[in-house]
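As a plain string of letters, each chain reads:
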Amino acid sequence: MEKIGYDEIASIFNAASMRIRENIKELSALDAATGDGDHGTTMGRAMDAVEKAVSESAGSDLKTLLYNIGWGAMCIDGGSTGPLMGSLFMGMSDAVADKESLDCEALAAMFEAGLAGVRKQTKAKVGDKTMMDALEPAVKAIREACDAGKSVPEALAAGAEAAMKGAESTKELVARFGRAKNLGERTLGHQDPGATSIALMFKGFAEAFK
Amino acid sequence: MEKIGYDEIASIFNAASMRIRENIKELSALDAATGDGDHGTTMGRAMDAVEKAVSESAGSDLKTLLYNIGWGAMCIDGGSTGPLMGSLFMGMSDAVADKESLDCEALAAMFEAGLAGVRKQTKAKVGDKTMMDALEPAVKAIREACDAGKSVPEALAAGAEAAMKGAESTKELVARFGRAKNLGERTLGHQDPGATSIALMFKGFAEAFK
Amino acid sequence: MVMKKFINDPANLTPELLEGYSMAYANKVALVSEKLVVRANPKPLDKVALVTLGGAGHEPALSGFVGEGMLDVSVVGDIFAAPGPPKVFEGLKMMKRDAGILFVVLNHEGDVMSANMAEQMAEREGIRLKRVLTHEDIAPGADAPIENRRGLVGCIPLYKVAGAAAEEGKSLEEVYEIAERFNQNMATLAVALKPATHPAMGEPIFELADDEMEIGMGQHGEAGTGRSKMMSADETAEIMIRQLSQAVGAKSGDKLLVILNGAGATTLMELYIVFRKVKQYLNEQGIEVARSLVGELLTVQEMAGFQMFVAKMDDELLKYWDAPCDTPYLTVR
Amino acid sequence: MVMKKFINDPANLTPELLEGYSMAYANKVALVSEKLVVRANPKPLDKVALVTLGGAGHEPALSGFVGEGMLDVSVVGDIFAAPGPPKVFEGLKMMKRDAGILFVVLNHEGDVMSANMAEQMAEREGIRLKRVLTHEDIAPGADAPIENRRGLVGCIPLYKVAGAAAEEGKSLEEVYEIAERFNQNMATLAVALKPATHPAMGEPIFELADDEMEIGMGQHGEAGTGRSKMMSADETAEIMIRQLSQAVGAKSGDKLLVILNGAGATTLMELYIVFRKVKQYLNEQGIEVARSLVGELLTVQEMAGFQMFVAKMDDELLKYWDAPCDTPYLTVR
Ligand SMILES: Nc1ncnc2c1ncn2[C@@H]1O[C@H](COP(=O)(O)OP(=O)(O)O)[C@@H](O)[C@H]1O
Ligand SMILES: Nc1ncnc2c1ncn2[C@@H]1O[C@H](COP(=O)(O)OP(=O)(O)O)[C@@H](O)[C@H]1O
Ligand SMILES: [Mg+2]
Ligand SMILES: [Mg+2]
Ligand SMILES: [Mg+2]
Ligand SMILES: [Mg+2]
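Chains as they are written, first to last, in my numbering: chain S, 5 to 214; chain C, 5 to 214; chain V, 461 to 793; chain U, 461 to 793.
Bound-form chain S, shown alone:
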């Protein structure tokens, strides 16, 4: 598959949503260990908004689809998660302009723009034990796959793998952002819930093409 269009983007979001939904309890349990225990429900609400945006955007274009997904996520009462996820998807929307379909290069650029959107909201970097630990490597892996001439599904698979590794790496980190930072050293050994959500989402993105 060389290019993906509106329908594929819609379906990768639905697949991501499914992955999150299966893990709502686990995500909240991770958050209970180092935060306030609500990350699962919050992501569930974000995914409600995502699915609603996908279904209500039918007939629109790619940019509108992504914008609606982003605005929907932003509108939930989502603690940090709403603004961060919202910025990610709205950033992605910025990059697709009036494109009807995306090749691997455009896909990488879209995720980079999403990452840039998130960076406007937070100073967290890789190593700070946040969703950035999954998001940055995922975006980087997609970019590298594309540069190496991989297909869109291959690039997404690389992104998913990198995100999962990144999420797992948070176990060895001390939290420096979010509620978890209050726990300091005691966050060692716990996997970051936000990073886990990102990994699950990218897993869903990749699986949509299996």
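Hints listed in this document are in silico derivations from the structure and should not be mistaken for laboratory results.
There could be a bad hint or two in this list.
Taking beta-carbon pairs under 8 Å as the criterion, some of the chain V residues facing chain C (in silico) [as the list claims (entries may be wrong)]:
no.	residue
1	Pro504
2	Ala541
3	Ser574
4	Asp603
5	Met661
Think of the CB as a built atom: it goes at the ideal place given N, C-alpha and C, for glycine as much as any other residue.
With chain S's structure known, arrange chains C, V and U with the ligands on it following the hints.
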């Protein structure tokens, strides 16, 4: 022993107090089943007041001793228990007038006066599952023992036995007074805490001469 | 197991809490003679005084409503225990005045016995008083004999209404008449979900299975009449408000004061959810929720549950409910 | 296990509680656009408006203090979750006025992110506002960077002080200066004994051993800094007030406002016992408890614990603290 005087009355109260103290937890547990679970602590407080009155009355006369015991019990924050116990002891005080010692007849009259004091505060009768189920038979048994020419210790022993039987009989009764009445039929099978306290007190009274 | 409460020696609970309370609200109340909570600025002698009594451990409880427009003296007992008659008498004596005293007693045997003996003492001193006995619990049935009906949270709005009448300068007879009118038109029903721990004993004061609730629970965990499986907020609310509105004979067009009184661990979140249903139900019946209050007035430690209270109001009662007052836990401008 | 809370569908907690709340206090507040709690009698346009935001589940929380002399708009999120930026923007837009808006934000990442985005939107609309970020938690140390210091119960007295200044007709710059002065002179420390149950999830939000307590606990059970064995009320009080009075640099002769805010299941009885020790300790240091408040302002469901708050007061701050206000959970005559 044909007569008892100030020192013996003082010592029967201290003995009664000891019996109650040993059973504070059990008395509260009985109350927890059908009331609000505080009868043990309340009786503990009443006994603090009794012991204090006994020790502070040293040098006074019998009437004063009993009056102080009664007033002390009355002064505690004791729900129904304070006024009832207070009335019992103050009633007893009324009957001893300026006597220096009590023969069996005077002893019986003293307890009857105590019972009359309690009756001024409550309409509860034998069968209503209250302290009356122990108090009335105890007073009656003491009267009968005296009428039968028994000694003071023998009369007190008879009172103790009757009180204990009366307390046990409350298991088969439905509460008609106090907080327990809210439970109605559900009080069946539970022994009344107030009656148990009376039984323990009369047990102490009798044991003081063993 | 260690009791999870912030306390020191369990024997000193009441003196310490009263000391702390009177320190925290020194601008409104004062503690005298160890167990008497009185107004920081006493009411003029020509007005009827309001005196009440009750055990501690239910904070803010009675003492939380001492102040302008409500109570003059709250005689406090130990945890869950009525104060002894001599202390109650002392509270009455302190308020002795030609205008007289409205003496508000909650129907619990200990309180009533203590009040009886205190009144006998007061009579000998020539103290002029009239007693109102609150007994608005409808758990044993709205028609049950008065002895069987406990006094629950209703005493607090009664202090408000009677206190306002007293503040206005009404005579003892008038204040009494207003208080009794309110008293005869109010009803409360309690529900419990989880027990409280007795703060001196360290034991739960009753037991309730993991999936059970009890409607009709008393103020100290004395068992009620309706143990059932857990119900939703809406179901619970409807069962309770139906009984309550019937108990006061509320009909279409009537005006009610509705109070939800949290027992301790039940959140305002839950009480609002319950209130929503109560209001919907009454609306459907054409009954007006003229005034309302949702909060913790009379608690039972960390018990989970609440008391639902209604009173049928007329214009005069509404006027006194709306009148200004200034106490630690209820202020009306 | 069935959750022992009076709720209906856990998905509807927030809309139902807000509906119930606005029904119960219809004389003081109104609910608009689903999540905005506003004054029933709006403030004149020529006065500075106060807007704040925060998650639900902490009742009475922020919305409990909407009314004359305090807040104008509380933008409510879902349980424990900040409202999304578009809703916050809506709240700001509703208060758009030449006099300007004091925007009070509690330092929690979600709230701050939402506030940031809402402010960007507001700027595009030409809305005049100044933000105060409360961050008075001293659990990470009084000198810790602001990002690490959470906003706890301090927002509520801040609404009071700033709200009174706004009501008096002060300009936005003046209201902001007063609010910031208060903000820079306040400190809070929380302690937890027992966890809360998340009312939608049904699970405890943290764990604490049967004999342990934790000083420095956050508003949602985010862990604190001082897990220890259970201590007595006096020991706990002394550890906390010592740190707090140091944090605000209180010296002999200084005047403090002291607030004890119950977390939910901790009784007023316990808070008074704690207050007693706080007062004794400060007295010994020659520091005056000029004003105080003991109650539940910002709760965490049925969590056991409390927040201890102090603020160093000057005459102007005291004047605004004492000024009249009329909200559901704080009224000053
Ligand atoms: N400043 C931040 N930058 C990036 N990610 C963050 C930041 N703060 C929190 N997060 C992410 O959000 C997750 C927690 O999300 P969630 O529980 O939904 O929000 P809240 O902490 O408001 O309850 C954390 O695990 C972390 O990955
Ligand atoms: N009206 C009454 N007449 C006689 N005894 C009573 C009455 N009410 C209660 N009691 C006795 O008091 C006991 C309970 O005492 P206690 O628990 O100390 O008081 P409270 O019920 O106020 O908590 C009951 O077991 C009963 O024996
Ligand atoms: Mg969280
Ligand atoms: Mg009892
Ligand atoms: Mg009792
Ligand atoms: Mg959260």
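Evaluated hints:
Annotation: interface hint on V:Pro504 violated; nearest CB of chain C at approximately 31 Å, more than 8 Å. The beta carbon of V:Ala541 is positioned within 8 Å of a beta carbon in chain C (closest approach about 4 Å), and the interface hint is therefore held. Interface restraint check for V:Ser574: the shortest CB-CB distance to chain C comes to about 6 Å, inside 8 Å, so the restraint holds. Hint on V:Asp603 is violated. Least Cβ distance to chain C is approximately 16 Å, over the 8 Å limit.
Contact between V:Met661 and chain C, as hinted, is supported at the beta carbon level, the nearest pair being about 6 Å apart and thus within 8 Å.
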